[in-house]
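Asker: The listed protein sequences correspond, in order, to chains W and V. In terms of my numbering, the first sequence has 29 at position 29, counting the first letter as 1, and numbering is strictly consecutive. In terms of my numbering, the second sequence has 1458 at position 458, counting the first letter as 1, and numbering is strictly consecutive.
Treat the hints with care, since some could be wrong.
[Stated by the list, open to error] Incomplete in silico selection of chain W near chain V, CB under 8 Å:
no., residue
1, Asn277
2, Arg282
3, Asn283
4, Asp287
5, Asn297
6, Glu298
7, Gly301
Calculated from the structure, these hints are not laboratory results. Quick caveat, the model's predicted, so the values are computed rather than measured. Note that CB positions come from ideal geometry on N, CA and C, so glycine has one too.
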Amino acid sequence: MNAVESYLSTPVPDRAQHLWRYTPWRHIHPSGAPSDMPEEISPATVTLTFLDGTELTNDITISVATETSENEYEDDVASAFIRAIATDGTIKINVNEGAVFEQPLLLTLESEGDVCGLQVELNVGRNADCELITMIESGSNWFGLLRTGIIGEGAKFNDVVVNRLGASRLLRWERISLGHDSEVKIGTFGIGGIQTKADLRYLLNGRGCNLIVNGSIFSAGSQHNDHHIEILHEAPDTFSRLNWHSSCAGKSRTIGTGMLKIAKGAKGSDSAQVFNNLLLSRNAEADSIPELEVLENEVVGCGHGTANGPVDEEQMFYLESRGFTEAGAKGIIIAAFLNATVKEMGSKTMHSWLNKQLSLGLIADTY
Amino acid sequence: MSNDARDVVGDYKAGWHDPENATIRFDNGLSEQVVRDISELKNEPKWMTDLRVKSYHHFVNQPMPTWGNSEILNNIDFDAVTYFLRSGKGTERDWDDVPEDIKRTFDRLGIPEAEQKWLGGVTAQYESEAVYHSIREDLESQGVIFLDMDRGLKEHEDIVKQYFCSVVPYQDNKFSALNTAVWSGGSFIYVPKGVSVEMPVQAYFRINAKNMGQFERTLIIVDEGASIHYVEGCTAPAYSTESLHSAVVEIIAHKGAKIRYSTVQNWSTNVYNLVTKRALAYENATVEWVDGNIGSKLTMKYPAVILKGEGSHAEVISVAYSGKGQHQDAGAKVHHLASNTTSKILSKSISKDGGRGSYRGLIQVANKAENCRVNVVCDALILDDESQSDTYPTMEVSNSTCRSEHEASVSKVSDEQVFYLMSRGHTEDEAMALIVNGFFEPFTRELPMEYAVELNKLMALEMEGSIG
Chain W
1 MNAVESYLST PVPDRAQHLW RYTPWRHIHP SGAPSDMPEE ISPATVTLTF LDGTELTNDI
61 TISVATETSE NEYEDDVASA FIRAIATDGT IKINVNEGAV FEQPLLLTLE SEGDVCGLQV
121 ELNVGRNADC ELITMIESGS NWFGLLRTGI IGEGAKFNDV VVNRLGASRL LRWERISLGH
181 DSEVKIGTFG IGGIQTKADL RYLLNGRGCN LIVNGSIFSA GSQHNDHHIE ILHEAPDTFS
241 RLNWHSSCAG KSRTIGTGML KIAKGAKGSD SAQVFNNLLL SRNAEADSIP ELEVLENEVV
301 GCGHGTANGP VDEEQMFYLE SRGFTEAGAK GIIIAAFLNA TVKEMGSKTM HSWLNKQLSL
361 GLIADTY
Chain V
1001 MSNDARDVVG DYKAGWHDPE NATIRFDNGL SEQVVRDISE LKNEPKWMTD LRVKSYHHFV
1061 NQPMPTWGNS EILNNIDFDA VTYFLRSGKG TERDWDDVPE DIKRTFDRLG IPEAEQKWLG
1121 GVTAQYESEA VYHSIREDLE SQGVIFLDMD RGLKEHEDIV KQYFCSVVPY QDNKFSALNT
1181 AVWSGGSFIY VPKGVSVEMP VQAYFRINAK NMGQFERTLI IVDEGASIHY VEGCTAPAYS
1241 TESLHSAVVE IIAHKGAKIR YSTVQNWSTN VYNLVTKRAL AYENATVEWV DGNIGSKLTM
1301 KYPAVILKGE GSHAEVISVA YSGKGQHQDA GAKVHHLASN TTSKILSKSI SKDGGRGSYR
1361 GLIQVANKAE NCRVNVVCDA LILDDESQSD TYPTMEVSNS TCRSEHEASV SKVSDEQVFY
1421 LMSRGHTEDE AMALIVNGFF EPFTRELPME YAVELNKLMA LEMEGSIG
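Next comes chain W alone, as it looks inside the complex (with noise of 0.2 Å):
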């Protein structure tokens, strides 16, 4: 069966499934008909450099995969369809063992055109440390990105992916797993699109490996951003946060969802998820479903917790009995509650680079 054919075979989830309750496939489908396959698909530009535009050394290699290699992840409707249109091959980014970076690497994706899909494949060595930042800039109307990652024992990785998407739609569906020992930070920086699905996956199959999962929406006008994270911990004395900050202004409105699951053996497991949402508009929406499903009792502690509320007047009164204008206070305000979860994504070097696309996002954005 090809990858079409799967695609057309996978079943259309119910929205029962609290996973497309809010986005249901047909919504975020391109043409909104989940038979249709797109006539055409738009190629990908995939660049990869250091942020510093030094060029890459002997210890990262990328390369295009045309082969299918095999699935370790089971398909759903949304990584079977990416598949299905992903024909350009799939993207390798490899660190090799031990490789240490003092840059940033910045892999940019764009496209022009209708559809476009892709895929990337990571692998980060046993001890490398490095940063990835992924930045989505496509032209096209409909954005596919399906990633999956190893990440080697003893490795430190942090990684983030950037939504600077103009008026296009972006699904992405993510699975990584960590080794033994890795420390791996995980930022989604949503400033664009109009419309996004995100199910990002990670697995903690490493004893002792360490994950800080870190989101940072800032939606306006009539975006829709529905981001599902489920984390796994399947070896003992793993650790994970999950701290997503989501700000929503106009008519636009943002789901966080987010799933702890501690498996049974997981034994001194530490895991939180925390949702904040910012609602900045009356016609604006925030929906949070924080879930855990716990099968160990030799559990360090396994909590979660989700908070909702306006910008607050305290803080206004403050900023504007210093000069500031109202808007102009807002937007300290926004940035500053944007900025909790951006500065805790990696380096200082990847801290300003995303601080500046923050305050572009904001600029371009009225809320």
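Following the hints, put chain V in place on chain W, whose structure we already have.
Answerer: Just chain V now, with coordinates in the frame of chain W:
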């Protein structure tokens, strides 16, 4: 008790059963004719018969929920259930007139004694219908109506017709459709304007027969400025075959009214407990669900409040204990439709011996509901490595002036706490029972004292041998 039943029940104290002395028992299984027969037997008005039939067809056509514990739900054999069983000759107002075997059952459960001491009224339901019912004369003279639902329909058809299915429509879910089709028994309460019922009224539900289905329907209307505390308890014998309990409770709290609805659910672990409870709160009304789930094989119950009137308030305090073979899928739902409404949810669960406790909640704040406040706290304890705990909370906030908070934690009993108590002379079991009672204390302190004492004893019994 058979050995099979003993395996199922463990130390369940209410697990005995009496010989069946049914005066009417329908054959097992459900059909439109069964629904019509129940209605005819009760000599109901045509609108109720028609509603039952419509609900039956909706039940048949509605698929089984795909969430919750689908594995157990899909194993329910609706054809193996008895949908109507009458044991007495009618509803008596004097315990001496209740058939001896049934009276003995309620004596063992302590109901007549409790009635004398601290209750304003009692309904005792045995199988499908109430066998005993009483209300204090002073409440009756103030216009308080407290009847079993069948008599409520006969004597106050206009009120029942106005409110029945108004808060929980039969189309709401598969089990509300089932209940509307085959309901029998339950309580009907009307508290007139300004009347405050100081002593709680109680309903006690007992299933005695094998493969029994109990489908009581409760409708409570609390008029402007009135208040009442309703308490319900439930037990069943331990059989190796399953019974089904699928109730619907509808509450209407008018302007400024206050109602507390307390439940201590202690079904035996062969009972499927699939219940829909919902209240509608008008301006400045307060609705409190105090919900304890100790028994049953599978409970799916999410007491809900629709805050329709400005300034109304909802409070849900629930505890769940999941032991061997049990899944307590419980929670709470609050819909903030009006401004300045507030809600508070506190959920506590304990899983032990392979049990599974799930909190499933929903908070919705409507776009026009300004200045709402929401606070949700869920805590869970897992006592061994065979058990499971889940939380599935949903918060949908569509108004920027709302402040909502939710927090949850799952943990084990702290070794330090056990050590501390043991260093003061308690055994391990006593220490565990004390910690668990302390964990449940926010719930028990809201119960009438007699219930709280009984619940503490029950939990101490459940905790025996939980360490080691």
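Asker: Does each hint fit the structure? Answer for all of them.
Answerer: Status of the hints after comparison with the structure:
| no. | hint | result |
| --- | --- | --- |
| 1 | Asn277 | holds, 7 Å |
| 2 | Arg282 | holds, 5 Å |
| 3 | Asn283 | holds, 7 Å |
| 4 | Asp287 | holds, 5 Å |
| 5 | Asn297 | holds, 4 Å |
| 6 | Glu298 | holds, 7 Å |
| 7 | Gly301 | holds, 6 Å |
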